[in-house]
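Whole structure, please, built from the sequences with the hints as guidance.
Order-wise, the sequence lines are chains A and B. When we follow my numbering, the leftmost residue of the first sequence carries the number -8, and every step to the right adds one. When we follow my numbering, the leftmost residue of the second sequence carries the number -8, and every step to the right adds one.
Keep in mind that the hints were calculated from the coordinates and are not lab data. There's no promise every hint is true.
[What the hints assert, rightly or not] To spell it out: a stretch of chain B is covered by chain A in this simulated footprint if at least three of its residues, at any positions, have a beta carbon under 8 Å from a beta carbon of chain A; those stretches are: (1) 39 to 50; (2) 305 to 316; (3) 319 to 328; (4) 349 to 360; (5) 459 to 469.
[Unchecked claim] Once the Cα atoms are required to be at most 25 Å apart in a straight line, the calculated SDA-like pairs of lysine to any residue come out as: (6) B:K428 with A:H194; (7) A:K428 with B:L63; (8) B:K428 with A:A313; (9) A:K428 with B:G43; (10) A:K428 with B:R79; (11) A:K428 with B:T193; (12) B:K476 with A:Q310; (13) B:K428 with A:A60; (14) B:K428 with A:Q310; (15) B:K428 with A:V73; (16) B:K146 with B:R133; (17) A:K182 with A:K428; (18) B:K182 with B:V109.
Given the structure is predicted, the values throughout are model-derived calculations rather than measurements. Every residue, glycine too, gets a C-beta built ideally from N, C-alpha and C.
Number of protein chains: 2
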Amino acid sequence: MDETTSPRRRAGGRDAKRAARSARSGVSIPYISRRIPFFEVLDEEGLATIEGNAETILNEIGIEFRDDAEALALWRNAGADVQGERVRFPRGLCRSLIQASAPREFTQHARNPARDVVIGGGNTVFAPAYGSPFVRSLDEGRRYAAIEDFRNFVKLAYLAPSLHHSGGTICEPVDLPVNKRHFDMVYSHIKYSDKPFMGSVTHPLRAEDSVEMARIAFGERWIDEASGKPRTCLINLINANSPMTFDATMLGAAKVYARANQATIITPFILAGAMSPVTVAGTCAQTYAEALAGMAFVQLVNPGAPVVLGSFASSISMQSGAPTFGTPEPALVLYVMAALARRLGVPFRSGGALCGSKVADAQAAFESANTLLPTCNAGVNFVLHTAGWLEGGLAMGYEKFIMDADQAGMMQTFLAGVDLSENGQAMDAIREVGPGKHFLGCAHTQANFENAFYRSNVADNNSFEQWEAEGRLDLAQRANAVWKKQLAAYEAPPLDPAVDEALLDFMARRKASFPDSNY
Amino acid sequence: MDETTSPRRRAGGRDAKRAARSARSGVSIPYISRRIPFFEVLDEEGLATIEGNAETILNEIGIEFRDDAEALALWRNAGADVQGERVRFPRGLCRSLIQASAPREFTQHARNPARDVVIGGGNTVFAPAYGSPFVRSLDEGRRYAAIEDFRNFVKLAYLAPSLHHSGGTICEPVDLPVNKRHFDMVYSHIKYSDKPFMGSVTHPLRAEDSVEMARIAFGERWIDEASGKPRTCLINLINANSPMTFDATMLGAAKVYARANQATIITPFILAGAMSPVTVAGTCAQTYAEALAGMAFVQLVNPGAPVVLGSFASSISMQSGAPTFGTPEPALVLYVMAALARRLGVPFRSGGALCGSKVADAQAAFESANTLLPTCNAGVNFVLHTAGWLEGGLAMGYEKFIMDADQAGMMQTFLAGVDLSENGQAMDAIREVGPGKHFLGCAHTQANFENAFYRSNVADNNSFEQWEAEGRLDLAQRANAVWKKQLAAYEAPPLDPAVDEALLDFMARRKASFPDSNY
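So this is what it looks like as C-alpha cells:
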C-alpha cells in the first residue's frame, strides 16, 4: 500500500494513461490513483514536533466527550483518565488504538459496483459541496435551498465525469421538516445517481434510518459473505466541536455508523483564531489531537470500522471575525495534516473548492483554486466540497458547480503525471518536423489529436473577435447555459422497481410514525 | 547554495518569519527566499529520460542559428558540427559549456540597492506581465496600449509590495514609433520606480541603448570594482523561435547583453501541439534542448555572463489552435523544467498568472491560480507575467493587475512555510483556552492579532448583508477602485536630477539621430 507514497516511473503506467485519457475525453473513472509524489511542506522533525504537541494536548488538557456516559465508560476501560466529561489520554494511546485496527484504506461501495471507490493510499475521490442552506444561480440570485435543488445537484454530480461521489447534504432542503429531510436526501442519492453517497449525522436515529435505507438499496450486496459483516456503503461526516469537544449528537451518529461497519470522517471544523490558535502549527497540533481522539473512539466502539482523518481549517478576518478561504495559512495546514495522516496510516479528508466570495467571480475562482490545488498536491483521499461551494459554505452555486467540476477534471489529468511511454516521449514527432516547421500536421499530432490536452467544457479560448460576436460572455454566464442543458438532458440510472418501492414504503412508514419538527 | 533544495527545520528561521510578517502586513521585501521544499512530479529516472532525449535532439537534429555568421563560427570553434545554419552538438557539449561558467545564481542590481534581487537558488522574484499590445479596464474595455498606460503599470508595480521587479515591456506603447519605444520604456522604469527592470530585445541597437541608459542610471555603481566588470543591472528576455531555431534579432540582442555582463533569459516560447509535440515529455525534451543551445551560446559569447533557463509552454485548443492556459499539461511541463534547471545548476524562469480569458472573470482567476501555484511550488526563480496578464498575453488588465498582485502576496506567505517557533506552536494558547472555549480573546491571539493571517486588499469577506449594502461588488469592481486610488496617491522614488537630465539628453540625441519607423 505504501508504494503509492514514493515517486515511481510513469513509463507504461497503464492506470495513469487510462486516467489521463479519461480526463481528457471527459469519460468517467471511479476515482483517481495518483501517479505523482505527494508535496510535503514540513520535514520529519517538524512533523514530529506537531505530533508531540498533539500528544501533550491529549495528555495534559484532554478532550471533552459530552452527554455520553457510554463514551466515558469506553475510555475508562481503555485506560484513559476520565474526570467528569474530560478525558485525558496516556501518550500514544489514541495512536496505538487506531493503528491496531483502523484500515489504511477501504472500499466504499456504490449502488453501481463500477463506481465503488477506494478511499486511502494514493487515491483521490471528489464529492460535491455539503451543507449550504442557500442556493445561488444567475437567474434567481440567492435564495433558500429546496429538495428540488438537492435533486438537481445529485443529477449534476451524477452527470459530471470528474465527480466520483454523490456527496451528502449537498444543500439543506429547507422546504422539508428538519427531522425528516434525511429520508428525502438519502432517497435522492439512491434514486437519481448510482455513485456512492453519505448518510445523515444530525441525530443518531437519522443515522439509523440512513443505514436502513442503504441496507434496502444494496440488498444482498449489503453483507460481505467472506467476513459476514456489512459492506461499507456509507461515509459520514462527524465534526468535532472544536476546541477539544465532541457532543452527544456527533458521538451518537458515529456509534451507529461504526457498529454498522460504515465509515466515519472525524473532522475538527476549525476557524483558526476562533476555535484554535492563530498559527498554522498550533492549529495543526489541536486538529490532530481532536481527530486522534475521535478516530480512537470509533475503534473502541467497533475495532476495524473505517475511519478517515478529517481537517477543515479556515483563517478568519481579524477585523470582522469572518472566515476567509483560499489564503496561504489553510493551505499550509492542509499539507501538514495530510502528512500526519500518512504517518498515522489512515485515509485523509480535507480541502475542496472553498471560497468566501458571494458570487462565482474571480475571487471565488482564486480562492477555490488556492484550495483545490493543495488538496490534490497533498494527496487528500476524500474531497468534500469539490464543487458548488460559495460564501463560506452558506450557498451552493449552480454556475460554481459547473466551473468546479471542470477544474476537478483538470486535476485528474494533472495527477496522472507525465506519460513517459514512447508515444509520450514523441521523439519521432520531433525528428519528423525539425527546425522551423510546425507540428500541427505531423503524424504524431494527428494520432494524438483527440486526447492530447484536457478540454474544458466552459472555458472560452476563441479569438477576441469570436468572443465578442458571441456576446462577450464571462465564465459564469457560460456555466449557466451548461447546467441547464445538462439537467434538461438528464436520464436516471436504472433502479430495480422493487428496491424503489421498498425504499418509498420504508420512508412513508417512518415519516408517519412521528410528527414533523424543525429541530 | 544547494541547501535550499532540501527541506530544513523552519523553527527559528528568522528570514522566513520576516518574510511571512512582511507579507501579512503588506510590507515590501526585495525577493522571496523559500522555506519549503520544491514539489517534484518526476523521479530521477524520468528526468534522466528527458535529459537524454534533449541530448539526442541536439546531436541528431540540431538547432538552426539563422543569419548570424558569428554564431556559427563560435559553434564551429567549440567543436559543434555546423552544416549551413544547422548546428549539431556532441552529446553533453552544451551542458558542459554552461556548467563550466554560468553562475548558479546572481544578483540583479536595482537603482535602489535595497531592492537588489538574487535570482536563483531558493529565491523567487515576481515581475509584471510583458508584451501586451492592448490594455483592458472596466472603464474603457479593451483598447491599444499607450505610453501613459506603460507609466501607470510601472507605478502600480512600484507600489505593490508583492512585486519585486518592474518588468520590461509591460505593455506595448503603441502611440510611439516601434523603433524608439524602447527609450521611453526604459526611462519610465528608471524614473517611476527604483525596482530592477528589463532591457529591449527587439533589435541589437535597442539592446545597446538599454545598456547605455542603465549605465547612465547606475553611474559609478555600474562597474563592480572587485571584478572590473559591469554589474548585472538588466535582465532580458531572449525567445527561441521554436522549434529548434534562433533568429538574428534574438541572437544579436543576446550578444549585446552577454558582452555587457547583463543577464539573458533563454526561453523557448512554445504552444505545444504547434511548436512542439502534443505531449508533456516531448515538449520538455525539446524545450530543454533549445534552452541548452541558447544558454551555451551565451557562455561562448562571454563565459560567466548570467543566463536563466526559461520555459513558456501553453497547450492549444485542438479545435481552433488557440493557446490555452491554466490547464494541467503546462503545469506538468513547468514542474519538469524547474527540476531540469536545478539539475543543470542555473536559475529558472517560467509561469506567472497566465490565462486565456478576455476579462478578469472566474476563468481568468482559475487559470491564473493554476499557473501561479505550480510556479511557486516548483520554485521558479524569475516570474515574468505575475500580474496583469489577460487574453493569452494580448491584453494587460488594470483590474487583473491588482488581483494578481494580491495573489502574489499570498504566495510570499505560503513560501515562508510553517513557523515552528514557540510562538508558532502556540501551546500556551491551547492550554489557556481549553475545551469548549474560544481563542479570540486569549493572550496569544491578542499578541499575534496584527500579523496572524495574510490580508487581501481586494477580497470581500464581510457578511452577505454588508456586501449587499455595499453594492454587491465583485472582485473586478473592487480592484477597479484600488488601482485608481493607488495611482492617485503615487509618489515617485527619488532620482538624482543630474541623472534624469543625462538620461533625457541621451534619449533626445538618439531619437533625433534616425527617423521614426514602425518596423
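Taking the hints in turn, this is what the structure says about them:
1. 39 to 50: Our answer is that it holds, as 4 residues pass the Cβ test (under 8 Å) against chain A, meeting three.
2. 305 to 316: holds (count 9)
3. 319 to 328: holds (count 5)
4. 349 to 360: With 12 residues closer than 8 Å to chain A, the segment 349 to 360 of chain B meets the three-residue bar; holds.
5. 459 to 469: Our answer is that it holds, as 4 residues pass the Cβ test (under 8 Å) against chain A, meeting three.
6. B:K428 with A:H194: holds (24 Å)
7. A:K428 with B:L63: holds (21 Å)
8. B:K428 with A:A313: holds (18 Å)
9. A:K428 with B:G43: The hint holds at about 23 Å.
10. A:K428 with B:R79: With a Cα-Cα distance of about 17 Å, the restraint between K428 (chain A) and R79 (chain B) holds, given a limit of 25 Å.
11. A:K428 with B:T193: Cα-Cα ~22 Å, so holds.
12. B:K476 with A:Q310: The hint holds at about 22 Å.
13. B:K428 with A:A60: holds (22 Å)
14. B:K428 with A:Q310: holds (20 Å)
15. B:K428 with A:V73: holds (20 Å)
16. B:K146 with B:R133: holds (20 Å)
17. A:K182 with A:K428: It is violated: about 55 Å lies between the C-alpha atoms, which goes past 25 Å.
18. B:K182 with B:V109: Given pair K182 (chain B), V109 (chain B) holds - Cα atoms ~22 Å apart, limit 25 Å.
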